[in-house]
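Enquirer: The lines below spell out each chain.
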Amino acid sequence: MTATAYHAPETIEQAVALLAGNPSARPLSGGTDLIVQMRSGRIAPAAVIDLKRIAGLSGVRRVGDGFAIGAATPCTALKDHAELAAAWPGVVEAANLIGSVQVRNRATMAGNLCNASPAADSVPALVAANATCLIAGPDGQREVPVAAIPQAPGRTSLAPGEFLVEIRLPARGVGDGDAYLRSIPRTEMDIAVVGAGANLTVDAEGRCTAARIALGAVAPTVVLVADAGAALVGSRFDDAAFAALAEAVKAACHPIDDKRGTIAYRKAMAAVLARRVVLTALKRAGAAA
Amino acid sequence: MNKLHISTIINGDAQEFLCDPTATLLDVLRDGIGLTGTKEGCASGDCGACTVVLDGQMVCSCLVLAAEAQGRTVATIEGVAEGAMLHPVQRQFLEHGALQCGFCTPGFIVAAKALLDRNPNPTETEIRYWLAGNLCRCTGYDKIVRAVMDAAAELRQERMPA
Ligand SMILES: Cc1cc2nc3c(=O)[nH]c(=O)nc-3n(C[C@H](O)[C@H](O)[C@H](O)COP(=O)(O)OP(=O)(O)OC[C@H]3O[C@@H](n4cnc5c(N)ncnc54)[C@H](O)[C@@H]3O)c2cc1C
Ligand code: FES
Ligand code: FES
Chain P
1 MTATAYHAPE TIEQAVALLA GNPSARPLSG GTDLIVQMRS GRIAPAAVID LKRIAGLSGV
61 RRVGDGFAIG AATPCTALKD HAELAAAWPG VVEAANLIGS VQVRNRATMA GNLCNASPAA
121 DSVPALVAAN ATCLIAGPDG QREVPVAAIP QAPGRTSLAP GEFLVEIRLP ARGVGDGDAY
181 LRSIPRTEMD IAVVGAGANL TVDAEGRCTA ARIALGAVAP TVVLVADAGA ALVGSRFDDA
241 AFAALAEAVK AACHPIDDKR GTIAYRKAMA AVLARRVVLT ALKRAGAAA
Chain L
1 MNKLHISTII NGDAQEFLCD PTATLLDVLR DGIGLTGTKE GCASGDCGAC TVVLDGQMVC
61 SCLVLAAEAQ GRTVATIEGV AEGAMLHPVQ RQFLEHGALQ CGFCTPGFIV AAKALLDRNP
121 NPTETEIRYW LAGNLCRCTG YDKIVRAVMD AAAELRQERM PA
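Residue numbers (UniProt numbering), protein chains in the order written: chain P, 1 to 289; chain L, 1 to 162.
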């Protein structure tokens with residue numbers, strides 16, 4: 001390995017300066033992607049900037065009725081936050097499908113997002129949830145939707161010197177529910193063939209008033225399928241609405257063929273998973289109503 | 001390359017070491033400090049042979065930079081027994097023959113102890129999910145799971161007020 005420096009700044013400003021000062025420096029959160037990639041020789045950053053010593057970057061906070069999740073918060077800590085797990089069970093479950101307990105004790109959703117793998121499990125759940133990212137950089141801070149971060153496999157929209165400070169989830173109300181499901185060849189420790197997140201709002205009559213459906217592993221980046229959400233809104237989740245959902249989902253898939261699944265299989269599974277994930281979210285929305 | 005000077009607590013004792021910035025905690029434990037109980041199976045987070053407890057959380061030491069351990073506490077397999085007194089998990093692994101080559105065993109024991117430290121009454125399903133990140137190529141997980149269940153029962157007995 002070439003000479004790589006290690007820094008553990010204690011403030012956001014120091015981290016920005018270290019990242020901006022060296023274009024090949026990389027932020028380190030849980031290291032469950034970064035250290036693997038460094039070891040394999042795929043990347044050789046000039047410096048690794050450990051974000052975990054920055055005050056406020058670890059842990060979950062209430063912000064108004066919503067939540068702010070520090071970018072360095074490991075996935076297992078999300079499950080331990082009872083209010084977050086009750087408000088956004090789909091997001092918390094998606095993050096806790098990643099790897100093993102050992103991996104989840106380190107892995108973060110920010111790292112999952114910024115690694116920009118098409119199959120990242122927490123990302124479709126965050127996109128369905130309408131989550132945003134607070135980004136710090138040389139020009140100060142900005143907030144963007146989660147979906148605006150991944151650009152292509154392994155590439156993000158972050159400018160040099162920028163990094164994620166926190167992920168924000170909106171407030172929940174009566175009749176809201178979310179869920180995430182993935183299809184993998186075994187029950188644990190594998191990469192999604194298809195992932196699907198759903199976030200619904202249902203009124204007192206059981207009618208869908210809002211729906212966001214997002215898919216993972218079926219395109220170079222996460223896809224928010226607007227037509228799939230539109231297929232549900234106004235319906236009472238009848239067969240016609242689910243048929244329209246399935247068509248919209250299949251049309252939005254542009255998957256690859258690989259050892260985990262063919263194009264045809266991924267499209268068919270995406271439709272199946274989208275239906276199942278909506279049914280789970282619906283049950284939760286009903287329980288909250 | 002500049003070496004970093006790191007101070008940690010390992011198995012209860014203050015420990016200082018010098019390391020390269022990209023050395024993993026596993027590298028330092030085995031090659032620097034000579035604690036070779038922790039094993040390297042894959043070096044990519046998949047096998048769990050390198051499991052240690054870092055500030056109370058079990059992690060793969062192959063995916064932790066040694067420098068990250070500055071000021072933190074590390075617990076390894078070497079700290080599981082108290083002197084010559086085996087921990088119930090270790091004793092039950094022997095009773096059940098839950099090891100053959102033994103390469104995966106330190107990782108399994110550290111992980112199983114981490115589970116029982118927080119949940120003395122896990123179901124079989126909870127044990128299997130908890131240990132999903134530990135791979136064994138010889139034993140076939142059943143004996144391992146039964147050893148952990150019996151260790152849990154033993155610990156519950158011990159903890160019962162007399
Ligand atoms: C055994 C194993 C199993 C796995 N299983 C799964 C799985 O089932 N599903 C899944 O989705 N993933 C899986 N992964 C991949 C990985 O664990 C996840 O992507 C994890 O969420 C990455 O988070 P991290 O904090 O470890 O990221 P890191 O490795 O620290 O960083 C990942 C990337 O993001 C950048 N980065 C980190 N933090 C920030 C930040 N705050 N701002 C900007 N950039 C940042 C880094 O520079 C790096 O490029 C697995 C990995 C392993 C080793
Ligand atoms: S050596 Fe660390 S998980 Fe295999
Ligand atoms: S006993 Fe040989 S790998 Fe588990």
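Among the clues, some could well be false.
What the hints assert, rightly or not - Which residues of chain P face chain L? A few of them, derived with a C-beta cut under 8 Å, are:
id: 1; residue: A5
id: 2; residue: I35
id: 3; residue: V36
id: 4; residue: M38
id: 5; residue: D50
id: 6; residue: V101
id: 7; residue: N105
Rather than coming from a laboratory, the hints here were simulated on the basis of the structure. All C-beta atoms, glycine included, are put in the ideal place defined by N, C-alpha and C.
Enquirer: Evaluate each hint against the coordinates.
Expert: Taking the hints in turn, this is what the structure says about them:
no., hint, in the structure
1, A5, "holds, 6 Å"
2, I35, "holds, 5 Å"
3, V36, "holds, 5 Å"
4, M38, "holds, 6 Å"
5, D50, "holds, 6 Å"
6, V101, "holds, 6 Å"
7, N105, "holds, 4 Å"
When held up to the earlier numbered hints, the structure conflicts with none and fits them all.
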